[in-house]
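Enquirer: For the record, the sequence lines run as chains S and F. Residue 1 is where the first sequence starts when you use the working numbering, and the numbers rise one by one after that. Residue 1 is where the second sequence starts when you use the working numbering, and the numbers rise one by one after that.
It cannot be assumed that every hint is accurate.
Unchecked claim - With a cut-off of at most 25 Å between alpha-carbon atoms, the simulated SDA-like pairs for lysine to any residue come out as follows: (1) S:K255 to F:Y362; (2) F:K3 to F:N15; (3) S:K107 to F:K3; (4) S:K110 to F:N159; (5) F:K258 to S:T21; (6) F:K107 to S:T21; (7) S:K74 to F:D109; (8) S:K107 to F:E261; (9) S:K107 to F:N15; (10) F:K107 to S:Y362; (11) S:K110 to F:H136.
Hints listed in this document are in silico derivations from the structure and should not be mistaken for laboratory results.
2 protein chains.
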Amino acid sequence: MDKLLETFKALKQKNLSIDLTRGKPHSDQLDLSNNLMTQAVDPIGENGVDLRNYGEPIGIIEARKLGADILDSKIDLTIAGEQSSYLLMTQLLLGRFLFGLDDDPWKNDKEPAFLCAVPGFDRHFATLEGLGLKMHTVNLCSSGIDLDDLNKKLSKYPNIKGLICVPRHSNPSGEVFSDENITNLLKITKEYNSSFINLFDHAYLIHDFDETRVQTPIPLLADGLGALDNVAVFTSFSKVTFGGGGMAFLTTGEKNFKLIERVRNMMVICPDKINQRRHVNFFKNKSNVLEHMKKHASLVKPKFELVNKKLSNLSSEVGEYTNPTGGYFVTFYSKKPIAKRIVALCAEAGLMLTPAGSTYPYGNDPNDSVLRIAPTYIDIDELDVAMDIFVLSAQIAHSEI
Amino acid sequence: MDKLLETFKALKQKNLSIDLTRGKPHSDQLDLSNNLMTQAVDPIGENGVDLRNYGEPIGIIEARKLGADILDSKIDLTIAGEQSSYLLMTQLLLGRFLFGLDDDPWKNDKEPAFLCAVPGFDRHFATLEGLGLKMHTVNLCSSGIDLDDLNKKLSKYPNIKGLICVPRHSNPSGEVFSDENITNLLKITKEYNSSFINLFDHAYLIHDFDETRVQTPIPLLADGLGALDNVAVFTSFSKVTFGGGGMAFLTTGEKNFKLIERVRNMMVICPDKINQRRHVNFFKNKSNVLEHMKKHASLVKPKFELVNKKLSNLSSEVGEYTNPTGGYFVTFYSKKPIAKRIVALCAEAGLMLTPAGSTYPYGNDPNDSVLRIAPTYIDIDELDVAMDIFVLSAQIAHSEI
Chain S
1 MDKLLETFKA LKQKNLSIDL TRGKPHSDQL DLSNNLMTQA VDPIGENGVD LRNYGEPIGI
61 IEARKLGADI LDSKIDLTIA GEQSSYLLMT QLLLGRFLFG LDDDPWKNDK EPAFLCAVPG
121 FDRHFATLEG LGLKMHTVNL CSSGIDLDDL NKKLSKYPNI KGLICVPRHS NPSGEVFSDE
181 NITNLLKITK EYNSSFINLF DHAYLIHDFD ETRVQTPIPL LADGLGALDN VAVFTSFSKV
241 TFGGGGMAFL TTGEKNFKLI ERVRNMMVIC PDKINQRRHV NFFKNKSNVL EHMKKHASLV
301 KPKFELVNKK LSNLSSEVGE YTNPTGGYFV TFYSKKPIAK RIVALCAEAG LMLTPAGSTY
361 PYGNDPNDSV LRIAPTYIDI DELDVAMDIF VLSAQIAHSE I
Chain F
1 MDKLLETFKA LKQKNLSIDL TRGKPHSDQL DLSNNLMTQA VDPIGENGVD LRNYGEPIGI
61 IEARKLGADI LDSKIDLTIA GEQSSYLLMT QLLLGRFLFG LDDDPWKNDK EPAFLCAVPG
121 FDRHFATLEG LGLKMHTVNL CSSGIDLDDL NKKLSKYPNI KGLICVPRHS NPSGEVFSDE
181 NITNLLKITK EYNSSFINLF DHAYLIHDFD ETRVQTPIPL LADGLGALDN VAVFTSFSKV
241 TFGGGGMAFL TTGEKNFKLI ERVRNMMVIC PDKINQRRHV NFFKNKSNVL EHMKKHASLV
301 KPKFELVNKK LSNLSSEVGE YTNPTGGYFV TFYSKKPIAK RIVALCAEAG LMLTPAGSTY
361 PYGNDPNDSV LRIAPTYIDI DELDVAMDIF VLSAQIAHSE I
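Work the whole structure out from these sequences, hints included.
Expert: This is the structure we're talking about:
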């Protein structure tokens, strides 16, 4: 312990300032899309639309086609929206909240609730909480949603309207849902409530950096079960081209689709069609998008390997950690309730981590044990130091109690 | 009458298809900004931010400065948002609806209501109705809001939360509010309710094409009255550069500002900073924006002159019409309740008009008399024919009853 504290003291004296909080691409990843900034765009779109004027409220057809190719969805049920899939998600939630699927708006309900797969993404929780939806947790397991826990929660809590999760490279714990798991999830939730909505945030749909479980596209699984209106699948180009500068896609069933069109009509005239066209010009087709993603993979993989190597220095008594095959995060689970303490120690040494608890609704991690590590944004040399601080902080915190 | 019908019959046989429904720029106006489509952007913003990554949720500082210059607002109370001021407006309304200015969310109220200046803009009505706000009308007059009618409505209806209007070149009737009118509006509404919110949609703030009444900027008037949180002023570049492809600005007081930041945080990560920077590069400063708007003015003015000349052929017994000095619309007021009939007759002859009633909440024009004419989008030759159809239809409809 004395030796640990000595090393820690030496690290503190370096006055470091390293940010591991957010899943942001590194500038070398952004460089892959630099041509987007210099590329001229012709003003007329594929179907003769003047891209410079109002119109095409659910996106230009060529962007919707590309989105449908990526999501494996029907073009006429695919929206190409603004630069954030988060906005499309909120628009759909607002549609259900204000108007309802069959004129049954959630806002008229006594205490509408939502299930959140945990650990999960704090922005999802912020939106649900903002809409006044009561959040309950449902555990993840290696194949996806823990169906026993799902059944338990559905029995326990009345009036659950939907569930939110990240079905591939889950944020932050990296699970990749199996077809069987998704199928059962859809069956169980539809039986619970025929208008149950499963929000699948496919932020990392094409973000593998290692061999990953093959998934049948969710729109196909849902269509096969007659459950298209029980799913909404989102993705965006924010981690493909530019963070907040790409475009986003959504697919769902016909009823939800009409609802989101209605909500969009009360808040947005149309997306930026020039930017949509610029992206279509840049990629042309899905196959080029996937080639582009291989370049991202080769840039991020060494960072995940480094994190894994560093964490392997920790005794399994201190904690366990994930070894994802894609996505943007590694999750560390401490054995003792020391997540907050690890964050505080790291901060002392100049390393910012996502606050402990942020992977749970209401910031409430029941065991104070889950930490999210986002290794992509910083240089690998910095990451090396950051992980030393992390490992050291975990060891110290573990020894303290 | 027989001669009118004969001319009308001849027009019908031309199988025309002309669209006067929406206030869209003509392609020659869009051409003014074509350099935006070919212009390269440097990835690093003014304060060192990487424009290609996430961040700057209320806009890059150089865009916020430009917006503050245009709105005459404080930079730290100015948001540079996505491509639609409509989105910023909805975000603010959602903030008041879900959270409230002082923890008094409208959603908890029995029957929250809003005043809409009439005639007005159908999209405003759609948003308010979508949020479940009861809409009442307040009349416009030559100096702005009819303050007698305002006082009457405030006495008559309880629980009015705010008012929405277009204070310069009002959509569609073209009023330009006087300083005195705006000042009195702010005083009266603040006295009615200290958290009353006046939404000023300044869509046509810099869209004069003739000499126009000088207005003291609303943020300055409001600040002088200690009423910054009683106003929200919006504008966008949709009719400056590209429809739905520009950027939007909002200014308000500190409390509303925090609220809109909170709402944005639950639905958008950040605006498209590349597009913001591209616009800042293109214009550099407000003075260049105003020069650019002079070019728009010279393109649209002949169309408004033509509409005026054509409408002058109508006897004042048939109706009256506005003669705006800016903006995108001319309003026709029929003396008899024949607006719907005029729209139907125009449609028969291949001319699409905005539906009668759409300038009133719930589509309810009490006198069936107000029609909105949007002359900018089509070629002037087409406009010539369109106005012949309009005048003829008005004469026929007038003669019928």
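Enquirer: Next, verify each hint and record whether it holds.
Expert: Now for the hints, and whether the structure bears them out:
At roughly 24 Å between alpha-carbon atoms, S:K255 and F:Y362 fall within 25 Å of each other, so this suggested pair holds. Of the supplied pair hints, the one linking F:K3 and F:N15 holds, its CA atoms being roughly 20 Å apart against a limit of 25 Å. With a C-alpha separation of about 58 Å, the suggested pairing of S:K107 with F:K3 is violated against the 25 Å cut-off. Only pairs whose Cα atoms come within 25 Å are accepted, and S:K110 paired with F:N159 is accepted, the gap being roughly 23 Å.
Annotation: proposed proximity of F:K258 to S:T21 holds, straight-line Cα distance about 23 Å (limit 25 Å). About 34 Å separates the Cα atoms of F:K107 and S:T21, which puts this hinted pair outside 25 Å; it is violated. Taking the CA atoms of S:K74 and F:D109, the gap is near 41 Å; set against the 25 Å cutoff, the hint is violated. Taking the CA atoms of S:K107 and F:E261, the gap is about 23 Å. The hint holds against a cut of 25 Å.
About 48 Å separates the Cα atoms of S:K107 and F:N15, which puts this hinted pair outside 25 Å; it is violated. Note on F:K107 and S:Y362: the hinted pairing holds, with a Cα-Cα distance of about 22 Å set against a maximum of 25 Å. With a C-alpha separation of about 28 Å, the suggested pair S:K110 and F:H136 falls outside the 25 Å cut-off, and the hint is violated.
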